Amino acid sequence: MNDVTVAEARMPNPLAQALWRLGIERDDFAKLTGELGATPKETIYAHGTLKLHHYRPQSDELYRVPVLIVTSLVNQPYILDLSPGQSMVEHLVRQGFDVYLIEWGRPRAEHQHLTLDDYVLDRIPACVARVHDDCGEPDVSIIGYCIGGLLSVMYAALHTDGPLRNLVCMAAPVNSDGLESLKTWMGGHFDEELLLELYGNVPADLVQNALRMLRPFGKLAGAMNLLNNLDKPEFVQSNLRLGKWEADNIPFAAGAFRQMVNDFLRGNKLVQRTWALGGKRVDPSRIRVPFVHLLAEDDHITPYASSRDLVKLVGSKDKQEIIIKGGHVGLVASRGAEKRMWPALSAWLAARST
Amino acid sequence: MKANRPNTAKPAQPVQALSEPDFKFPSFFAMWRDWIVKSEQQWSENVSKLLKDERAASLIGKQVDEARMMHKMYAEMMQSYLAAANLPSRLDLEWLDERMGRVEDGLAAVQAELVQLRSAVVKAGAASATDAGIVRLPRTRRPSAAKPS
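Quick mapping for you: the protein sequence lines, in order, are chains A and B. For the first sequence, the working numbering assigns the number 1 to the initial residue and increments by one for each residue that follows. For the second sequence, the working numbering assigns the number 1 to the initial residue and increments by one for each residue that follows.
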């Protein structure tokens, strides 16, 4: 039985035929996207749902300083390693960086108590220490994406005598006044305790719907764009990969969600420098390491108004903001990212990683 | 015997997945979809403005809360009917998801232990890094001559 016949046998006939006409011959839906997060790696540390991955080097020599990627709490980390050729991680590995990545995992009922204090004061330092044990280098560069960027800033501000060498943030929200929609929806009338009482953690579908509501017609426009580009197999596959990722959110641990609503969205405590974790005040002006903030021009999830203050807040002398065309996801996983963001990121890091 | 003649036949054209003409007459539906894509940002901005209104947000919030409560009650009510029909409920699937999550986390912990054990074996001198499959690359890479950003 040849491939086409297999495809026709296992899939609804019109779809199989349409895909075959596009030159996409696959025998099931899962294979259409290809393997996601495929850059070779091994898990070197695990604690509860947390996993610390180390990507296998793909160059002859490495930059001295390893890179630790801190991902978002509510999105799957494979957006940074979507597929071969569409992967920021793969780009960094091929450029000669020793790359580690924190995957927070999916919190379950028993993880309701997890707070930002646990992530920033316990888990990130544990991963930094494990990176040091693994590669033997005394310092590390941290790249934080989205909420991962916020966590990285908090870590850097609270560990000024730590091993941090460089700090990179990508679309990190710091000023909740710029998150107008979320701030209104989760204002005084929003009863987060009722939600948490009902579900324990914040369900992944609720996180997903809230993000979709930030751009109500985005999904419809995406579908229309896909239909208009059905004759481009690479576009179709890339779109399916992103679609799969967008539908694969992570529940928000109750304790951390409570802090994000009260301290961040309502209190805007980071900008006011009144946020405290573990009894210590988080003051970004204490960050002195080289810092760069990579932002997307049309980011509807972390709008510029919510992220532009970070570069001003950070106390480093060597600091920079780079704005790139595109949206929140496109910043890290689009063709534009491949041409603009990844080279900018690796060039900035390379100069500071010897 | 046939004379040797140069082969004047045209080479075979490569087979295309889509045998379509070079010029495509613009389809009405494609134009309509293009219009939606181009208008989407404006529509989304307008609806977002509406949703940012405190009263609208409060009203929607109440509706969502009520819908969530209804959903929860309905799910609990349906559970007994589904059990009677020998079908899994949403709660059963969530339980399965949690159980699989625990298995996945357990496997990751085992893998991490093995990696640490391997490092310990090399550190103790019981095996070479190469034998243990550990690649130690020189950390001497320097940025190319290109001016850093």
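Treat the hints as calculated values from the structure; they're not laboratory data. In this text the structure is predicted, and so the values were computed from the model without any measurement. Where a beta carbon is used, it is the ideal one built from N, C-alpha and C, also for glycine. Don't take each hint at face value.
What the hints assert, rightly or not - Each computed PhoX-like pair below joins lysine-lysine, with the alpha-carbon atoms no more than 20 Å apart: (1) A:Lys325 <-> B:Lys52; (2) B:Lys72 <-> B:Lys62; (3) A:Lys219 <-> B:Lys38; (4) A:Lys244 <-> A:Lys232; (5) A:Lys219 <-> B:Lys62; (6) B:Lys72 <-> A:Lys183; (7) B:Lys52 <-> B:Lys62; (8) A:Lys269 <-> A:Lys280; (9) B:Lys49 <-> A:Lys269; (10) B:Lys49 <-> B:Lys38; (11) B:Lys38 <-> A:Lys183.
To be verified - Pairwise CB distance ranges, derived in the manner of DEER restraints: (12) A:Arg308 <-> B:Lys49: 54 to 64 Å; (13) A:Asp161 <-> B:Lys49: 11 to 21 Å; (14) A:His189 <-> B:His71: 16 to 26 Å; (15) A:Glu193 <-> B:Asp53: 47 to 57 Å; (16) B:Val110 <-> A:Thr160: 34 to 44 Å.
Now the hints, each set against the structure:
| no. | hint | in the structure |
| --- | --- | --- |
| 1 | A:Lys325 <-> B:Lys52 | 25 Å, violated |
| 2 | B:Lys72 <-> B:Lys62 | 15 Å, holds |
| 3 | A:Lys219 <-> B:Lys38 | 13 Å, holds |
| 4 | A:Lys244 <-> A:Lys232 | 18 Å, holds |
| 5 | A:Lys219 <-> B:Lys62 | 24 Å, violated |
| 6 | B:Lys72 <-> A:Lys183 | 26 Å, violated |
| 7 | B:Lys52 <-> B:Lys62 | 15 Å, holds |
| 8 | A:Lys269 <-> A:Lys280 | 13 Å, holds |
| 9 | B:Lys49 <-> A:Lys269 | 25 Å, violated |
| 10 | B:Lys49 <-> B:Lys38 | 19 Å, holds |
| 11 | B:Lys38 <-> A:Lys183 | 28 Å, violated |
| 12 | A:Arg308 <-> B:Lys49: 54 to 64 Å | 21 Å, violated |
| 13 | A:Asp161 <-> B:Lys49: 11 to 21 Å | 46 Å, violated |
| 14 | A:His189 <-> B:His71: 16 to 26 Å | 20 Å, holds |
| 15 | A:Glu193 <-> B:Asp53: 47 to 57 Å | 24 Å, violated |
| 16 | B:Val110 <-> A:Thr160: 34 to 44 Å | 36 Å, holds |
Comparing the model with each numbered hint stated earlier shows that hints 1, 5, 6, 9, 11, 12, 13, 15 do not hold.
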